[in-house]
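A.B. asks: Spelled out from the first residue to the last, the chains are:
Protein chains: 2
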Amino acid sequence: MAEEAALREQAEVVRRLKQDKAEPDEIAKEVAKLLEMKARLGADEGKHKFVLKTPKVSFGLVALWVVLLEVTGTRDYGPKQMAIRERVFSAIITCFKRHGAEVIDTPVFELKETLTGKYGEDSKLIYDLKDQGGELLSLRYDLTVPFARYLAMNKITNIKRYHIAKVYRRDNPAMTRGRYREFYQCDFDIAGQFDPMIPDAECLKIVHEILSDLQLGDFLIKVNDRRILDGMFAVCGVPDSKFRTICSSVDKLDKMPWEEVRSEMVGEKGLSPEAADRIGEYVQLHGGMDLVEKLLQDPKLSQNKLAKEGLGDMKLLFEYLTLFGIVGKISFDLSLARGLDYYTGVIYEAVLLQQENNHGEDSVSVGSVAGGGRYDGLVGMFDPKGRKVPCVGVSIGIERIFSILEQRLEASEEKIRTTETQVLVASAQKKLLEERLKLISELWDAGIKAEVLYKKNPKLLNQLQYCEDTGIPLVAIVGEQELKDGVVKLRVVATREEVRAA
Amino acid sequence: MAEEAALREQAEVVRRLKQDKAEPDEIAKEVAKLLEMKARLGADEGKHKFVLKTPKVSFGLVALWVVLLEVTGTRDYGPKQMAIRERVFSAIITCFKRHGAEVIDTPVFELKETLTGKYGEDSKLIYDLKDQGGELLSLRYDLTVPFARYLAMNKITNIKRYHIAKVYRRDNPAMTRGRYREFYQCDFDIAGQFDPMIPDAECLKIVHEILSDLQLGDFLIKVNDRRILDGMFAVCGVPDSKFRTICSSVDKLDKMPWEEVRSEMVGEKGLSPEAADRIGEYVQLHGGMDLVEKLLQDPKLSQNKLAKEGLGDMKLLFEYLTLFGIVGKISFDLSLARGLDYYTGVIYEAVLLQQENNHGEDSVSVGSVAGGGRYDGLVGMFDPKGRKVPCVGVSIGIERIFSILEQRLEASEEKIRTTETQVLVASAQKKLLEERLKLISELWDAGIKAEVLYKKNPKLLNQLQYCEDTGIPLVAIVGEQELKDGVVKLRVVATREEVRAA
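Protein chains in written order, with full-length UniProt numbering: chain A, 1 to 502; chain B, 1 to 502.
By construction, these hints were calculated from the structure, which means they are not laboratory data. Where hints are given, some of them may not hold.
For chains that are exact copies, the list does not tell them apart, and a pair is met inside one copy or across any two.
Said to hold, decoys possible - Only pairs whose alpha carbons sit at most 25 angstroms apart, straight line, appear in this in silico DSS-like list of lysine-lysine:
| hint | residue 1 | residue 2 |
| --- | --- | --- |
| 1 | Lys456 | Lys308 |
| 2 | Lys255 | Lys449 |
| 3 | Lys124 | Lys33 |
| 4 | Lys112 | Lys130 |
| 5 | Lys112 | Lys388 |
| 6 | Lys449 | Lys329 |
| 7 | Lys456 | Lys438 |
| 8 | Lys388 | Lys455 |
| 9 | Lys329 | Lys294 |
| 10 | Lys166 | Lys112 |
None of these values were measured; they are calculated from a predicted model.
Input sequences plus hints: build the corresponding full structure.
C.D. replies: Set out below in structure tokens:
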């Protein structure tokens, strides 16, 4: 079993490198080595197919699972995490239903070609299924493309739906930052031909309601418009063919300073320094209705048809958001780009804010928790006659929200219950199993959430301890005296108060 | 586009064969042809990668999606189906929580080797992911093996949990019978070392509660025990090495008459005719506590250690089920086998019953809607030291239940609502968009489920029609007069009653 020891050692090397945030290439090299060792060991295991129970062989398997979770960025969710998740899902679903949404579900895999050409540079992150004789399939990368495919396939031109499900990306997992290869998405979308910006405004209202509800702290919703970006690129002298790639550079402005983004544009992407500088002036702008008005007067932008359309709609959006009373949290931000190819109009992203220091007024963004926008062309890509169905939607960054709430809960003393049991049916003496089972059966049939210890003769102390450990508030105690009197003793665990109930 | 026409034609051929329940081989041949045509067309499509918007090309894609759903046995769930699903899930989760269960979740894929050797002859149905450089992964085949892996990995020796998620099987889809390649499973399991048969009895109580709750009609829960089966095989003269394969023959008795099963045992599996006949006598027995008592006196079975253990536990189980008041729906049935390798003790399966005719008392089984059993060895397979964690659980056949309820709903006149909207904010005259948006914002903030049409100047009639179509019970009407008076007119859609609210 020297090989297994070596394997565990190698897994440790990988773990340490990741902890020390080593160069990705170096990590990749060591992971490759690890996988090779594993493959060798796996081949050996084939011979022992029927002795999987042998401890030493299956030790390898458990070690590998731990490594797998580390390397592939998947994970189990235990009862505590699921309890937090259920709370968050419930808050979000309540909001979606408050806005009249239906719910749909689609398969976890799609035809590979359905996903092709929808995600720009990110397409390399798609997980494919093995060709086992049949269609080429891929795991879904988001919920938006399957939604568009669903609309086209069923000729639906009008729907407001939400969809909460897992999606898959072969990304470099950086689990400390709450990024996984398998993660939940949580989408709300409105499809249909409507008067401009009313559904778009509702999506932002939803983001505002959810983030307020969850009490995640201060936040800001940045908005921009693909047409304003494209118009801006045009008036700055970016050639048409470079729009998308320059847009993806602008998208990095939330993580990189302008100087670096500029040198990527000029150095890597061959943009002229003058054009880059002109972009630089625009993308530093952010504000509210005042900025919209100012740009509508901008001598260059106002001459561009696309930009003018986008700015007109932005003005309308601010009017509606004012009516919704949420304009205080909205920032029109010309540096907001969002990478995905399919956006055609307004785009937005919500970020949490943190005070930079105790004195100042400044606050900095600590990460995106929601994002979305308008994509009027995507459904048409799947329709036989190219019929378009305009769509706008928002995706709640639920994994980020989970990890914030998990951390917060860990830091606090609060104990989270993972069951909802109201009462434990206990016995005071031995030989009362029959009576306990009879009583609990009656409670279950009456709809009461009840548990019983699976022992013939449990000690009363152990039964009370179980309540303490799991947070069950009540004990129904069956005892000889009570049986004689035809009653049950009901005890409040926290206060030890007792009542006799008939 | 002649190729696409041919493709559609071929898809139609496949559909017709399936409809006519043709020979599987014949269907497979035509499906293979279809896939080949598709592959050819797909290769051509590659050239048009950037003109996906071209109608004729994308027509191919939509046609293919329809074919894919047909061929791979996956499907979308629309709002109506999801509404039914939500009702059923909610009933089941309520029951699981009533019994004190926690909830967990695991990744959709597992290490391929985690699944190896757990499913007997069914292992060929596992879906593998493409090797894109990394571990070899497979889509989960059920929720039981991932649960066992989770327990071993986290050294959990004691838990009561449920898990509702999709699993994947490369089965021949027979969608008319409610079988898909992607489908939900809905599992409740109790892990831990406890006094015998108490958790086992609770699992059966849960099945009884859920099937009663959902009002699916009359049902029967068949129970048996792997040890009784193995003891029976031993005393009938089946060689040890043939136990599993003979067991899988017995498993077919719910679909095939005894004569066919017998000839499989003798002809294909090489069992002696005498042994088969002895098995034949046992597997026709079914009954209640009386049958348990009778077999405990059986001169051959009672001499077999395993069978005796199994029968002793079966007696205990019937005692507990009597206390739970559900023994009337339980049948001890020696023909119940269940195919999966991992069961070690009691096994059970619930079937719906249908009156055979209007006069007689006889009723026949119309399919399994729940099943499960005890698997005390599975967790040990994943534990470094082979430590066992005894488990017992049940899986609710939720897809079968969905399709029964869907059919029932279709047959009835009942209209199912897919949203929960309580009120539509409408306007009586033009130019009241601002007022509508202000009012609905207030309603949302007060937690009221409300919608508004995304039009600047919708007609009142259209707004009322929307309520009729979607089942919204109330309309809040904003009008010039109401605005002057500072009130809103509230109208009950069904009765047309109106009140003015301040």
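A.B. asks: Of the hints stated earlier, which fail here?
C.D. replies: Violated hint: only 2; rest satisfied.
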